[in-house]
Each structure stands twice: as C-alpha cells, then as structure tokens.
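Q: Work out the full structure, taking the sequences as your base and the hints as a guide.
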Amino acid sequence: MSANIRNVADTCLDKTGRLSLREDIHGVYANDNPQNRSTLAQLDRIQNMPFVRVALVTISTATPTLQRDLDNGNTVYQGDCDVWIYPTDSITATANNLLTLDQDDCASNGHSVSDEEDELFDLGRTLGANIVCYYINGDGSGLRGCAAHPPGRRGFWVGSAASPWTWVHELTHIVGDNSHEGNTDNLMINNTGTITNPPPDLGNDQCDRITDDPDIEQC
Amino acid sequence: MTQFTNQIRDVLETDCGHTLEELSSRLTADEIKALLSLLGAHSKASFPHRQRAIFVLGRLGKTEAMGTIINAIPELDDNGRVAAADALGRLGGTKARNELVKLSSDSNAQVRKFAIRGLARIGGKAVVERLRTVAVDDPQDWIRDVAHKQLQKVK
Chain A
509 MSANIRNVAD TCLDKTGRLS LREDIHGVYA NDNPQNRSTL AQLDRIQNMP FVRVALVTIS
569 TATPTLQRDL DNGNTVYQGD CDVWIYPTDS ITATANNLLT LDQDDCASNG HSVSDEEDEL
629 FDLGRTLGAN IVCYYINGDG SGLRGCAAHP PGRRGFWVGS AASPWTWVHE LTHIVGDNSH
689 EGNTDNLMIN NTGTITNPPP DLGNDQCDRI TDDPDIEQC
Chain B
12 MTQFTNQIRD VLETDCGHTL EELSSRLTAD EIKALLSLLG AHSKASFPHR QRAIFVLGRL
72 GKTEAMGTII NAIPELDDNG RVAAADALGR LGGTKARNEL VKLSSDSNAQ VRKFAIRGLA
132 RIGGKAVVER LRTVAVDDPQ DWIRDVAHKQ LQKVK
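So the protein sequences, as listed, match chains A and B.
528 is the number that our numbering gives to position 20 of the first sequence; each next residue is one higher, with no gaps.
130 is the number that our numbering gives to position 119 of the second sequence; each next residue is one higher, with no gaps.
Where hints are given, some of them may not hold.
[Stated by the list, open to error] Ranges between beta-carbon positions, derived for each pair: (1) A:706 with B:139: 47 to 55 Å; (2) A:626 with B:72: 20 to 28 Å; (3) B:147 with A:622: 23 to 31 Å; (4) B:42 with A:586: 37 to 45 Å; (5) B:89 with A:541: 25 to 33 Å; (6) B:88 with A:545: 37 to 45 Å; (7) B:74 with A:558: 45 to 53 Å.
[Claimed, not checked] Over 10 Å on every C-beta distance to chain B, these chain A residues come out as not near it, computed from the model: (8) 587; (9) 691; (10) 711.
[As the list claims (entries may be wrong)] Taking lysine to aspartate or glutamate pairs in the DMTMM-like style, the calculated list, with each CA pair at most 25 Å apart, reads: (11) B:164 with A:613; (12) B:44 with B:21; (13) B:136 with A:623; (14) B:106 with A:612; (15) B:160 with B:149.
These are calculated hints, taken from the structure and not from any lab test.
The structure displayed is predicted, hence computed values, not measured ones.
Ideal Cβ placement from N, Cα and C applies to all residues, glycine included.
A: Structure representation (structure tokens):
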C-alpha cells in the first residue's frame, strides 16, 4: 500500500521524498473541517480524475477557514465537473502591509496592478502550483474576494469575511475564466452570501471551460 | 428609507470584485446621489454599505462627494475609515490632504497605511513633511516602512 501511495504521489502529483498522507495525498492543511477521508478513494481520484493544483498563502494574522474552503471547492468541482482540486502546499507569510490590500481595481479586463498587489502575488510561487490563493483580511471596498492578478501570476485573494463559497467562486474566475451568473443557485452569483440550495451549481458550459483550462491536468 | 435600484444594490452588495468597476461605471447621476445619501448625518446605512459607497465615490472621482465623506468619517468603523482614506487620496486637493494628515495618526494601523498612501498620491511639500514624521514616529515598524517607501515616490 505505502509503495503504491509513493508511486502515485511521484507519478501523478510530483511529490517525492518524505510524504505526509494527510497533506500530500489527502490535501488536508487545517483542522477546521474534520471528516472521514478514504485513502483508497483519494488514490483512485488522483489517478483517474482531472485536477487543478492550487497553493495557499496565508498572510499572518488573517484567519481563514482553509479546510472548509478546500472541501467545499472539491464538493462543487467533483460533483458537477468531475474535476478535483489539489492543494500543493500551504504557508504563512508575514506582511502586515498586505493584510488590507490597496488594489488599483479588480477588473477582469484592463486590470492595473498596484505595487501591493505585485508584492502579494510574488509570494508562494515556488509551492508547486501555477495558481496561488492568498488569505488576507480584505481591501478598501469590503469585497470578500478578488481574482484579478498580475499577468503571468495566476491567483486570487480571499478576505476574512468570506462566505463558505467565496474561495471556490474566486478560483472559478481563474480556472476557465468564468464570469458572474444571475442565478442564486449558481456558484458564480456575484454575492456568494446569497447562494440558495447549497452546494451551489456549475453548469455544463462552466464545467467545459474549467476542463479546457490550461492548468487542468491528469495523471 | 432609501429605495435602491437594482444597479445600486449590485454595487453595494457584490462581494466579488470581478464586476464592481463595470457596475459602478454604469451608475446614473441619481444613483450617485443615492450613494451620497447613505453617508448623510441621519443615515441608517450599515457600515459595509457606507464603506462601499465611499470606496465607489472615490474610485469614480466624484469630487462633489468630498465634503460628505469627510463629515462622515467620525461615524465610520475601521473599514469605513480605510475606504475614506482610499477615496480622499484619489479625489485629491487641499481638503483631502488635510484630512489624510489626521487619518495618518488614526488608532487603526490599516487606516494609517491607506492615509499614507493617499497622501503620497496627492504629493507636495506638506505631504513630504508629514511622511517624514510618520516614517520616524509611527509606533508600528511596518507603517514606518510604508511611509519611507512612499516618501521615495513623492520626493
């Protein structure tokens, strides 16, 4: 079994050397959402289901509900799109000046990168994922999240007032370049605090865009 | 009680920034007035709505909102004062600069940071003097660093 786990981790996830079953295989990095996790089911998922790698950076004193976010993300992606989310690593960085981010804008088109955004999105770039999530407190406008990012550094930030669905909502702006939808049952409603009938849905078109994303890979 | 159009409601309540600029740019003159009314002396608007209204007015460059924003500051929470510092730095001018000087000694460090960055956007001799003081006297070392860096941009 352990030889098989090592082989799968190496072949499919590029993880070698000393392995943590909890972190490197199950992708569990926090204790806020305890649940039974089947190693066999996870090994099957790793080998057979397309996935996207995401690294996590928490700016010190921000208070994320990290595992809830990862588990909710996987609930939506696996349930609707047959894709899973693999957190490659999670670190904490000290940068008080970035806790409340001064961003020029959060626009999907014609985005201007502030010096603070530039500094934030430099972090976590060696954690094994092309997409990095930053946990901060927020920004000047009171947003819960933003997926605008500097060119060539895919990522998004999530604030301390995030809803249970903010994290995967922002990820989905990045993966597949999905826009907002008007349906409150859908993950991409512009206020995830108003989502009805959770877990929220992703439609076929949205899933197609996700599976076509260049950061989706398969073992 | 203020009746919101769907457009204002979207601007105030979107929790993802993906479309905030686009939604804000479509606000009509009447909708801008409605945003301003959220900051009035007898407003019952929530703190998050006040914060968002101030932020949007600043980003839209609505200089006519300057006085209302300044008058609203004593009634704001920490996040609202962050938004006010952000807005004033973008609206610019002497009144904004004077208010930002006050906010640069706010009790909340993130408010002070936004005030420092706002002052640097405005620039000028008085700003350089204030940033020099903050770069030495602020109780937080990281705020002193922010002031020092902004000083290099203004000089």
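Q: Indicate, hint by hint, whether the structure satisfies it.
A: Cross-check of the supplied hints:
no.: 1; hint: A:706 with B:139: 47 to 55 Å; verdict: holds (52 Å)
no.: 2; hint: A:626 with B:72: 20 to 28 Å; verdict: holds (23 Å)
no.: 3; hint: B:147 with A:622: 23 to 31 Å; verdict: holds (25 Å)
no.: 4; hint: B:42 with A:586: 37 to 45 Å; verdict: holds (41 Å)
no.: 5; hint: B:89 with A:541: 25 to 33 Å; verdict: holds (29 Å)
no.: 6; hint: B:88 with A:545: 37 to 45 Å; verdict: holds (40 Å)
no.: 7; hint: B:74 with A:558: 45 to 53 Å; verdict: holds (51 Å)
no.: 8; hint: 587; verdict: holds (21 Å)
no.: 9; hint: 691; verdict: holds (15 Å)
no.: 10; hint: 711; verdict: holds (17 Å)
no.: 11; hint: B:164 with A:613; verdict: holds (20 Å)
no.: 12; hint: B:44 with B:21; verdict: holds (16 Å)
no.: 13; hint: B:136 with A:623; verdict: holds (23 Å)
no.: 14; hint: B:106 with A:612; verdict: holds (23 Å)
no.: 15; hint: B:160 with B:149; verdict: holds (14 Å)
Going down the numbered hints, you'll see the structure goes against none, and every one checks out.
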